[in-house]
Each structure stands twice: as C-alpha cells, then as structure tokens.
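Asks: Note that full-length UniProt numbering gives residue 142 to position 142 of the sequence shown, counting from 1, and the numbers run on in steps of one.
You may find that some hints are simply not true.
[Said to hold, decoys possible] Straight-line distance between alpha carbons at most 30 Å, and here's what the computed DSS-like set of lysine-lysine pairs gives:
{"hint": "1", "residue 1": "K176", "residue 2": "K270"}
{"hint": "2", "residue 1": "K111", "residue 2": "K97"}
{"hint": "3", "residue 1": "K97", "residue 2": "K207"}
{"hint": "4", "residue 1": "K207", "residue 2": "K176"}
{"hint": "5", "residue 1": "K303", "residue 2": "K270"}
{"hint": "6", "residue 1": "K270", "residue 2": "K207"}
Derived from the structure by calculation, the hints contain no laboratory data. All values reported here derive from a predicted model rather than from experimental measurement.
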Amino acid sequence: MPELPEVEVVRRGLDDWVVGRTVVSVHVIDPRSVRRHVEGPADFAASVTHTNISAAVRRGKFLWMPLEGLPTPVALVAHLGMSGQLLVEEPDAPDEKHLKVRLELSAEPGKPGELRFIDQRIFGGMHLSHLVPTGDGFPGGLGSSLPVVPEAAAHIARDILDPAATPEALYTALRKRNTQIKRAILDQQVISGVGNIYADEALWAAKLHGLRSTATINRPAVSRLHAALVDVMGRALEAGGTSFDALYVNVNGASGYFDRSLNAYGREGKECYRCAEQGLISLIRRDPFMGRSSYSCPSCQRKPR
1 MPELPEVEVV
11 RRGLDDWVVG
21 RTVVSVHVID
31 PRSVRRHVEG
41 PADFAASVTH
51 TNISAAVRRG
61 KFLWMPLEGL
71 PTPVALVAHL
81 GMSGQLLVEE
91 PDAPDEKHLK
101 VRLELSAEPG
111 KPGELRFIDQ
121 RIFGGMHLSH
131 LVPTGDGFPG
141 GLGSSLPVVP
151 EAAAHIARDI
161 LDPAATPEAL
171 YTALRKRNTQ
181 IKRAILDQQV
191 ISGVGNIYAD
201 EALWAAKLHG
211 LRSTATINRP
221 AVSRLHAALV
231 DVMGRALEAG
241 GTSFDALYVN
251 VNGASGYFDR
261 SLNAYGREGK
271 ECYRCAEQGL
281 ISLIRRDPFM
291 GRSSYSCPSC
301 QRKPR
C-alpha cells in the first residue's frame, strides 16, 4: 500500500499538471471505483464535468482536489487504496488494463489532456465530499491555505509533514492512549499517514522499541520520534517514495527508490548499521505485528520488559 511520501509525490504531480484546469468530461469505466459516491456514477460524472480544479491537497493518505463551479464547497477525493494510480496521459495513449475513471481536461500547452485513475485491486476510488471547517482553524492539509477539509477525511489527524503537527501535539496525542508506541503511530487518529515501513524506520532512528507503552513515553523520547518521522518522510520524498509493489507509480509513472536505503524494514538477519559503526554485531530481527511484521535491533532498540 502506498504510504504518505508516495501520496505526497502524487499530490505534487497533480499540483504541477492538473491544478487550474477545467474538467471537460468524465467517463466512469468501472462503477465500483466511484462506489463511495452514493448518488451513483452518472451523478458523479455530471457533477464533476465543467468544474475547475483549484488545488491538490493531502492529509495523510487522503488526496483531494477542491472544485470550483458547484453550488456548495465540494472536493473530488481520490484514495489510492492498495494499487490505485493517478496518471496524466495524452488522449491517444492506449488505455491501461485497469483503467477505471477518465477525466478529460481543458487544453494547456505542454500538458497531457487526461487524468486517469487506474486500480487493479479496486480498494481505492474517487468520490465527491463536502468541504467542512477544520476543528482547529488551521489549513486542512498540504497544498492549500484554506481551513477546510473533506467530510470524508475530517476524522483523521494531521500528518507528520503538517506544520501544525508539532512534537508537543504528538506527545499529547500519545499520552491520551494506553497502548504500544507502534500501534499508536499507526493510528490515523493520533497522527496520519505513517505506515508500517516508515514506522519501523522512524522507531529505529529514535532508538525506540515499538512495544514501548505510550503511558511511559516522555517528551524527549517523543521529540526524537517526531524528528525521526520528519527525517524519514523527507528522505523518502527526495527519493520519490518507496515502491515495493510494481503496481504503484506516481502521477507521471515513475516509481520510488527509497527501499534501497532502509535501515530496519526488511533487513531481518542483517547487521544493524548503527551497532556496526560502534564495532558491535547485532542482527535485525523480525517479529509478527498486527498481521504484518516489525523490524528492530535487539541491542539499540531494547524491548521493554
């Protein structure tokens, strides 16, 4: 599943290639990909047609594009699910095998004329959602200064790249939970957009074990974790995101390469880089976690008793 850096790469692509353009027509090829639009695919197509895309905004893994030209503030929400892709293509480009929704865009020199939503596994989709005020008065997400958020995303917390997501805010959110630290940072109502890969990477960088209780976490530890999350996400963005799944590509079809520089995730049985620098031999271990896996160093990420 794409994680926050991958989705931010897509948002930036939409901002470059799609924002400011008018939707000339909409063709829903597979109604399942607009199933969250309760009025149905015909209403979805009719509502989006002739609107103007004013921004590309993201909170966590939620992407939305506010639409101008409708009676009430509405956004086109695109969720990538496990295999969703948003591609800009020329109209004469061959249809992708799993093309689900096609948006014809107004002509603009040097920019392809279509935005396509492709999804093999059909866990993602597109729908319209009313924009509502944010609870704290800050912008709804990266990509817009407006203090509004789609109703569909209003329940999730701000993500680690959001300027309003401070170490103190993370500390407060964590101390309200009585759970393991990794479970907490994967909880989208604590902080959004942190998936399994980046959780393991940030915990390794902060020298914290994922099983540590939020009830014992202190401000210095949370500050280290916050800094590690920001650093991990920033480096992933520079690399274009992490792509273990060939299905996932960004808006221009280019995969990310951050998986080549991971410190913990997927390195079971290999030396911990940090311990090796100190002349110690410690092998990364893998433990089952919530139906997935957790990777950590038994030496520099001591497991709590």
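Asks: So, for every hint listed, does it hold in this structure?
Replies: Now the hints, each set against the structure:
Our distance criterion of 30 Å between C-alpha atoms is broken by K176 and K270, whose separation comes to about 36 Å. Under the criterion of a C-alpha separation no larger than 30 Å, the hint pairing K111 with K97 is consistent with the structure, at around 23 Å. Only pairs whose Cα atoms come within 30 Å are accepted, and K97 paired with K207 is rejected, the gap being roughly 44 Å. Simply put, K207 and K176 have alpha-carbon atoms about 22 Å apart, close enough for the 30 Å limit, and the pair holds.
Note on K303 and K270: the hinted pairing holds, with a Cα-Cα distance of about 18 Å set against a maximum of 30 Å. For the hint linking K270 to K207, the alpha-carbon distance of about 17 Å falls within 30 Å, and the restraint holds.
Hint compliance for this structure: hints 1, 3 are not met, and every other hint is.
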